[in-house]
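FYI, in this note's numbering the residues of the sequence shown are 188 to 486.
Hints in this document: simulated from the structure, not taken from any laboratory. Do not rely on the hints blindly, as some may be mistaken.
[Stated by the list, open to error] Restraint-style ranges between C-beta atoms, simulated for each label pair:
(1) Asn380 - Glu335: 15 to 21 Å
(2) Asp342 - Thr225: 21 to 27 Å
(3) Thr462 - Gln226: 31 to 37 Å
Where a beta carbon is used, it is the ideal one built from N, C-alpha and C, also for glycine.
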Amino acid sequence: MPLHSVALAVVLLIISMHLQIAVAAPADTPDRFSMPGTQVYALTSRINEIEYEIRVWLPEDYASSGKSYPLTLMLDADYQFPLGTSILEHLAQRDQADESVVVAIAYANSQRNPYWYRRNRTRDYTPTSVPTGGYGAEFQQYSGGGEEFLRFIADELMDSLHAKYRITSAGHTYVGHSYGGLFGAFIISEQPNLFSNYLLISPSFWYDDRLMIRRVREKDEMGLVAATRIYLAVGDHENQTGRPMVDELRMYARALEEKHDPALDVTVRVFTNETHASIYPAALSAGLRHLRGSQPGQE
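Input sequences plus hints: build the corresponding full structure.
Shown next as structure tokens:
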């Protein structure tokens, strides 16, 4: 199939999933997520008392191999998890990426409910509380829960996953898009050694007057203890949204590079003819090949 046909098919898949999210489900009959090869379990955080739905995809040979696998963690599970697992499996079967256990963090209350989708993202993915921006004041009143969400991931989710699955102690990858990319930058600022690889797609660096760019600039050093690779992706049309997202992504990259940390490798790619809505599948495939490929650094 021609490359442009594959890209179109993937974009149509993303659009269809977004349309599903935009239809509110009856409050008393929430849908239960189901996908072949996937395990789902509930995990209520002691830190923020939120009930999370943890979706786990295991490599094809997991049951028979006896070996441990690195982790690939994704947010925005409703659209990232189906697409991410398909791309990773496709790449791994063709030796273009290593195998990993793929985990996505979802919410018990957000299936096909746009209100909870926006409220959950605003609460968990934003590092500070500010009154305006994002989805508007209605949702910004819940903003600023990023610190607790990060503690949930580092102190509760990781322990839970290691107890349930054969996961390596290092070599993990974080994937985030938009607000999820903002949260990835927050992890890099606060606990950079939690992951070895970061794939930040169209990060919302505009948030709180470019807070995450300012935080990197203010740091004396990054505090890395091992090699860390950051892949930053944005669509070339994203400066046309009222926010200079291409420029801000480059600002963030320069701030990282100015630390001159030998453990840090930063890659920036601006994707041609892509918007904030369309960039995810192309950037995910390219970023995973770059970070998790059999020859790291290749796309």
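Going through the numbered hints above, which ones does this structure break? Give me the numbers in ascending order. Of the numbered hints given earlier, the structure breaks none, since each of them holds.
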